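A.B. asks: The residues making up each chain are set out below.
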Amino acid sequence: MGFLASIGRAVLHLLATTGSVSLFAAQALALSTRPPWHWRLIGRQMIDIGYYSLPVVGMTALFTGMVLALQSYTGFSRFAADSAIPTVVVISITRELGPVIAGLMVAGRIGASMAAEIGTMRVTEQIDALTTLSTNPMKYLVAPRLLAGMTMLPLLVLVADAIGVFGGYVVSVHKLGFNPTSYLKRTFDYLQVMDVVSGLVKASVFGFLIALMGCYHGYRSRGGAQGVGAATTQAVVTASILILLSNYLVTELFFSRR
Amino acid sequence: MSTTPKIQVRGLSKRFGPKVVLDGIDLDIAQGESLVVIGGSGSGKSVMIKCILGLIRPDAGSVRIDGEDVTKLDRRGRERVMAKFGMLFQGGALFDSLPVWENVAFGLIQGQGMARAEARAIALRKLQAVGLGAPVAELHPSELSGGMQKRVSLARAIAREPEIILFDEPTTGLDPIMADVINDLIIACVQELGATTITITHDMHSARKIASRVAMIYHGKIIWNGPAADIDRSGNPYVDQFVNGHAEGPIQMEVRPL
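These protein sequence lines are chains A and B, in that order. Going by our numbering, 67 is the number at position 67 of the first sequence; the sequence numbering is gapless. Going by our numbering, 14 is the number at position 14 of the second sequence; the sequence numbering is gapless.
These aren't lab readings, by the way, just hints derived from the structure by calculation. Among the hints, a few may not be true.
[Unchecked claim] Computed cross-link-like contacts, SDA-like style, restricted to lysine to any residue with a CA-CA straight-line distance of at most 25 angstroms:
1) Lys-84(B) <-> Asp-128(A)
2) Lys-72(B) <-> Ser-97(B)
3) Lys-6(B) <-> Leu-73(B)
4) Lys-221(B) <-> Gly-77(B)
5) Lys-50(B) <-> Thr-131(A)
6) Lys-19(B) <-> Arg-222(A)
7) Lys-19(B) <-> Leu-155(A)
[What the hints assert, rightly or not] Among the chain B residues that face chain A by a calculated CB cut under 7 angstroms, a handful are:
8) Gly-77
9) Glu-79
10) Val-81
11) Met-82
12) Ala-83
13) Ala-93
14) Leu-98
15) Pro-99
16) Ala-117
17) Tyr-218
18) Tyr-238
[To be verified] Covered, in the sense of this in silico footprint (three residues per stretch, anywhere, with C-beta under 8 angstroms from a C-beta of chain A), are these stretches of chain B:
19) 49-61
20) 106-114
A quick note: this is a predicted structure, and the numbers were derived from the prediction, not measured. Beta carbons are placed, not taken as given, at the ideal position from N, Cα and C, and that holds for glycine.
Here chain A stands alone, though its shape is the one from the complex (with noise of 0.2 angstroms):
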């Protein structure tokens, strides 16, 4: 019974805290639609999310579309279908691996500093303080980080696709042999809009996951600096999960589409 007792606390838990994430989410989205705007936190989020992660998702991406450029040689020579290697890279990349990755990569580093900047201002009572200043928390701290990740996220993404696609060819050029002009001939002819699209939308859904888990552990952390360490934690792993889940979701979601 025991055994028994423990599914369902942990079933139960896993629903209020679905539950407060949500609430979470429809207060800081519908403060964000309402005026007064803070314009100057909102564009120092996207400058921290959209600038400062460019060299970590970029490198990230480089060698994504470098390896994958030859791992794909390493299977397709054996049936001779080199030719198709353009045409997997653009898609893998602009699909799936731009935004896994990039995703990825943000969360570790935005994720957690926002649960870290948020979670100390909680237990030093800065949070309090904004209140007693007649400033809405959620309104001044999480809505600019929400809005700032889902607008950076595509942005970042549609670099991370180009460096990507770049880091392929590099490969395939200066080490497989292929002729420069017919590689890039063949990575566009078969690329669709929707790839990139679809790609992008991810990202911004992804970007939106990682300021929401790290605005929302921060936001609840508890006692001290032990209780910040937990919840810069808890706001990357959830985010990282949440990213591969969602991630499918989409997929299928474009996937059934067509």
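We have chain A; now place chain B onto it with these hints.
C.D. replies: Same frame as chain A, now just chain B:
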């Protein structure tokens, strides 16, 4: 002189899980009065002022500010009432991402929508009132000593010239001289603004200096309440023990022998 007290607390109760923190607090604070609430650590002092501020929702009871029950207000109404309050947090709770002057001006800029230049001028005047010059205004809170942070925090609490100011252990963690400087500043600021104040502290020197009336809270109840001058002849053994700081008496600290 109206007969409605500035703040009227009736039957205020709050529990966290099985732990009863506030157990039916009744308190009247008249306009312009300086009430000091004394009591040991964990006696519910902080929770009481957070309930009065509306940061914590009480389980039962009412808090009337100028006769208006604030526990039943919606978000908008609460923000309106919040403009009457200033709060000095125990740890200062300064926003460490903003320079000192913007911390002081925060309520003016964010809460009242004042232009930044105008708010800055007011902030500099308030900083001067607590003995801090213009060079300090550009620093960040992390660059200040503990005493300076407390003074900045005080300047922030009085920047909007609130009708009610709450002080959460204003002298805790300061050396005796700085503690007395803060006491003097509190008295000066309060006299100039004519504000009603509630101070929670366990620093008896500070309590004697700034109180016009003293209330003692023990196990979530107000056990004594009287003019500051009567504190040494309260006839209440609990108050006597606390005021004189004896380990022996009716208040038993839960300390197990080693």
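A.B. asks: Each of the hints needs a verdict: does it hold here or not?
C.D. replies: The hints, checked one at a time:
no. : hint                     : result
1   : Lys-84(B) <-> Asp-128(A) : holds, 16 angstroms
2   : Lys-72(B) <-> Ser-97(B)  : violated, 34 angstroms
3   : Lys-6(B) <-> Leu-73(B)   : holds, 17 angstroms
4   : Lys-221(B) <-> Gly-77(B) : violated, 29 angstroms
5   : Lys-50(B) <-> Thr-131(A) : holds, 11 angstroms
6   : Lys-19(B) <-> Arg-222(A) : holds, 17 angstroms
7   : Lys-19(B) <-> Leu-155(A) : violated, 50 angstroms
8   : Gly-77                   : violated, 12 angstroms
9   : Glu-79                   : holds, 5 angstroms
10  : Val-81                   : violated, 10 angstroms
11  : Met-82                   : holds, 5 angstroms
12  : Ala-83                   : holds, 6 angstroms
13  : Ala-93                   : holds, 4 angstroms
14  : Leu-98                   : violated, 10 angstroms
15  : Pro-99                   : violated, 14 angstroms
16  : Ala-117                  : violated, 15 angstroms
17  : Tyr-218                  : violated, 24 angstroms
18  : Tyr-238                  : violated, 29 angstroms
19  : 49-61                    : holds (count 4)
20  : 106-114                  : holds (count 6)
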